[in-house]
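Number of protein chains: 2
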Amino acid sequence: MKPLTGVRVIDLTQILSGPFATQILADLGAEVIKIEPLWGDKARQNGPEKVGRSTYFASLNRGKKSVAVDLKNPRGREIVSGLASAADVLVENFRPGVMDRLGLGYSTLRNQHPRLIYAACSGFGRGNGYSGRPALDIVIQAMAGTMSVTGTSDGEPVKVGFSVGDVGAGLYLALGIMAALQGRHVTGQGCLVDISMLESQAALLENAFARYFATAEVPGPLGSRHAVMAPFQAFRTLDGYLVVAVSTQAHWQKLCHVLDLPELAADQNLATSEGRVMNRTQWEPVLNVRFREQPTQVWLERLSQANIPAGPINTVAQASREPALAERDLFIDVNYAGVPFRVVGTPMIFDQARPVADGQVPDLGEHTKEVLRAVLNLGPEDIAALYEVGAIR
Amino acid sequence: MKPLTGVRVIDLTQILSGPFATQILADLGAEVIKIEPLWGDKARQNGPEKVGRSTYFASLNRGKKSVAVDLKNPRGREIVSGLASAADVLVENFRPGVMDRLGLGYSTLRNQHPRLIYAACSGFGRGNGYSGRPALDIVIQAMAGTMSVTGTSDGEPVKVGFSVGDVGAGLYLALGIMAALQGRHVTGQGCLVDISMLESQAALLENAFARYFATAEVPGPLGSRHAVMAPFQAFRTLDGYLVVAVSTQAHWQKLCHVLDLPELAADQNLATSEGRVMNRTQWEPVLNVRFREQPTQVWLERLSQANIPAGPINTVAQASREPALAERDLFIDVNYAGVPFRVVGTPMIFDQARPVADGQVPDLGEHTKEVLRAVLNLGPEDIAALYEVGAIR
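Those protein sequences? They're chains A and B, same order as listed. If you're matching positions, the first sequence starts at 0 in numbering that gives the first Met the number 0 and goes up one per residue. If you're matching positions, the second sequence starts at 0 in numbering that gives the first Met the number 0 and goes up one per residue.
Chain A on its own, in the form it takes in the complex:
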């Protein structure tokens, strides 16, 4: 049995942070009812397309049910209110205030269903001066300090190459929902979960903030280097790049042995990570020259034999073939209106089984009738009337 079996989630989120969270819930066994506007989640338009279907959407929405509802229509709002009353969790990532203006705010929904967990994710959280502002991934990465510590000090500003501003918030959103579920077993009450993308990003960076508060030194970008450990970085080899991560004195000694550099091993200035961080010019050029002498694979084998943490810098293509990913069945096949896509499944394994939502990615409104019938007990005539007034699709 999947761990969230029996949990029903009404999901009003779009694009990335919210759907990333509810994808986790669906993989873990929750019933996720995705409420979309009549024109669909904007992510359905995001490229690249494959036979007219969005790869982006396919990667985030397997195993969810799609119900298309016009929230501007009072009958549409009644539907969402009814579904919320029959659910454990409602999730939304509108700007703060939007749900209240629709008459679907937390206090209203809670009054009719005190066990409801209402989870909201927004750029800056609720109830502060920034709440109304729009925020997308790069804005969050920029404002939280992520971009200031990524890249090199002499290069142009760079962001993290995936949408960490969104997925970080999505992970905390899923955590907040699960914590509220656990709390409800004790209190019998739902609650309001408020997630700020900016706060979530700062929490991922926390070590950088703690260091700044403790020392007043402002961390800068270090390329591939680590702030307090060395060598902990990339090196060019004869045919590419590798990374080495030395975190103990024993590993430093072993590394010097693998590289045949006894004079560095003996240097007391370099005996600690602190010493190696302070005296980079003494050893970095030497290691740079030495690593260039052999191809990546040769070095990785020698480093592996010495049990020193190291690895190749893989492209996404190479990573997809890494045995530690490919042989663990992390990559799964899903089906979006007949078009097959291969995506990443959940990285959580329970009792040696990887839970995964069924592999169907819903078309817009594919489950509208089914959900209205099964959850709200509406008959065919009620449903026909809702179509007629344009409340559903």
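Since the hints were derived computationally from the structure, they do not count as laboratory data. Treat the hints with caution; some may be incorrect.
Here are some chain B residues pointing at chain A (derived, C-beta under 8 Å) [as the list claims (entries may be wrong)]:
1) W38
2) F212
3) T236
4) L237
5) P322
6) A323
7) A325
Label-pair ranges, simulated between beta-carbon atoms [as the list claims (entries may be wrong)]:
8) B:Y386 to A:G96: 53 to 61 Å
9) B:R291 to A:V388: 48 to 56 Å
10) B:G102 to A:D332: 40 to 48 Å
11) B:Y386 to A:Q188: 44 to 52 Å
12) B:D362 to A:E262: 38 to 46 Å
13) A:S84 to B:T107: 25 to 33 Å
14) B:G274 to A:D259: 52 to 60 Å
15) B:A215 to A:Q293: 27 to 35 Å
We put the beta carbon where it would ideally sit given N, CA and C, even for glycine.
Starting from the known structure of chain A, arrange chain B on it as the hints suggest.
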């Protein structure tokens, strides 16, 4: 009441991924009993130091109880086994096999306590050819493809400027534990949660994998740019940098208006994000010139008035003063053996209250006696005998 009140966690993890996860659990109200070797979690040695105490450790271990136990001593192993029997969750981030060799493996502990949730986090997960290999953050970032999509195509390899390989895995570890807690309410049974750092990292990147599988195009580093949206990047201004995130046609039109570039607004080649990604040379140089004409603050005000998502590229120091962080009390003060540290709290708010563990960071073994007495009902003589044989500290 905090949502995880009443949940007891035996925490054998060290350094980063595991302690990051159990910090979340402690903030949310769980009782986290941190089992350390007699010489302590290695993170206690990680700099920078403040009055002899580690900032790094302080940022990850507030509100936990420290019990120092020698796992090489049979009496020490008995203690851990006894604590596990009185707990809801046991977490460890040893290499797979270590706990089994200590006689503390999942099957043994489960036999004596079927409700126990046993959560393990390792570089490559359990039961595969890579399981025994060491992995640290940069190795995970390199192998999963993160470094291949971060930075610029003409620059040196760069990693994400915080330990996303560790904290990503830590977030999935916390999620797996909470999902198992929810599942246990239904089944009455615990389970084994297996988290691979490499898989967790790949899951964060998932869009990149889905795009590669769909198109066979290998994503490369894009600097501050986005793969399918534009302009969604950094621009240099008169006095610094800002980022702009345009995701809709309406925002593109508004941006051209703010920048007074009607000829770009009218250009049909640039009417869609796809068109702007394909025809970067037509508009990027024009925008580069225009943004350089005014200081960051002037542009941010104009962009904000037009409701276009934008923001400054903050240093960590600037980010710490952002009202959307500082005014939300995300930063909290903790106390490590009398030394004060300021760290990042949890980014999850429940019913307008931010749960946070008590602000005491434990000294090594600070709670050994208290826990042995309260949880295992040991008397003063039993405890004295354990000290004598070196099983505890």
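Verification of the hints:
1. W38: 13 Å, violated
2. F212: With a minimum Cβ separation of about 4 Å from chain A (threshold 8 Å), the hint on F212 of chain B holds.
3. T236: 12 Å, violated
4. L237: With Cβ-Cβ at 16 Å, over 8 Å, it is violated.
5. P322: Where the cut-off is 8 Å and the nearest Cβ of chain A is about 6 Å from P322 of chain B, the hint holds.
6. A323: Because about 4 Å separates A323 of chain B from the closest Cβ in chain A, which is inside the 8 Å limit, the hint holds.
7. A325: 10 Å, violated
8. B:Y386 to A:G96: 53 to 61 Å: At 59 Å between Cβs, range holds.
9. B:R291 to A:V388: 48 to 56 Å: 53 Å, holds
10. B:G102 to A:D332: 40 to 48 Å: 41 Å, holds
11. B:Y386 to A:Q188: 44 to 52 Å: For Y386 of chain B and Q188 of chain A the Cβ distance comes to about 45 Å; the hint holds.
12. B:D362 to A:E262: 38 to 46 Å: About 40 Å separates the Cβ atoms of D362 of chain B and E262 of chain A, which means 38 to 46 Å holds.
13. A:S84 to B:T107: 25 to 33 Å: Between S84 of chain A and T107 of chain B, where Cβ atoms are some 46 Å apart, the hint is violated.
14. B:G274 to A:D259: 52 to 60 Å: 55 Å, holds
15. B:A215 to A:Q293: 27 to 35 Å: Holds - the Cβ-Cβ distance for A215 of chain B and Q293 of chain A, about 31 Å, lies within 27 to 35 Å.
Hints 1, 3, 4, 7 and 13, counting from the list given before, are not met by this structure.
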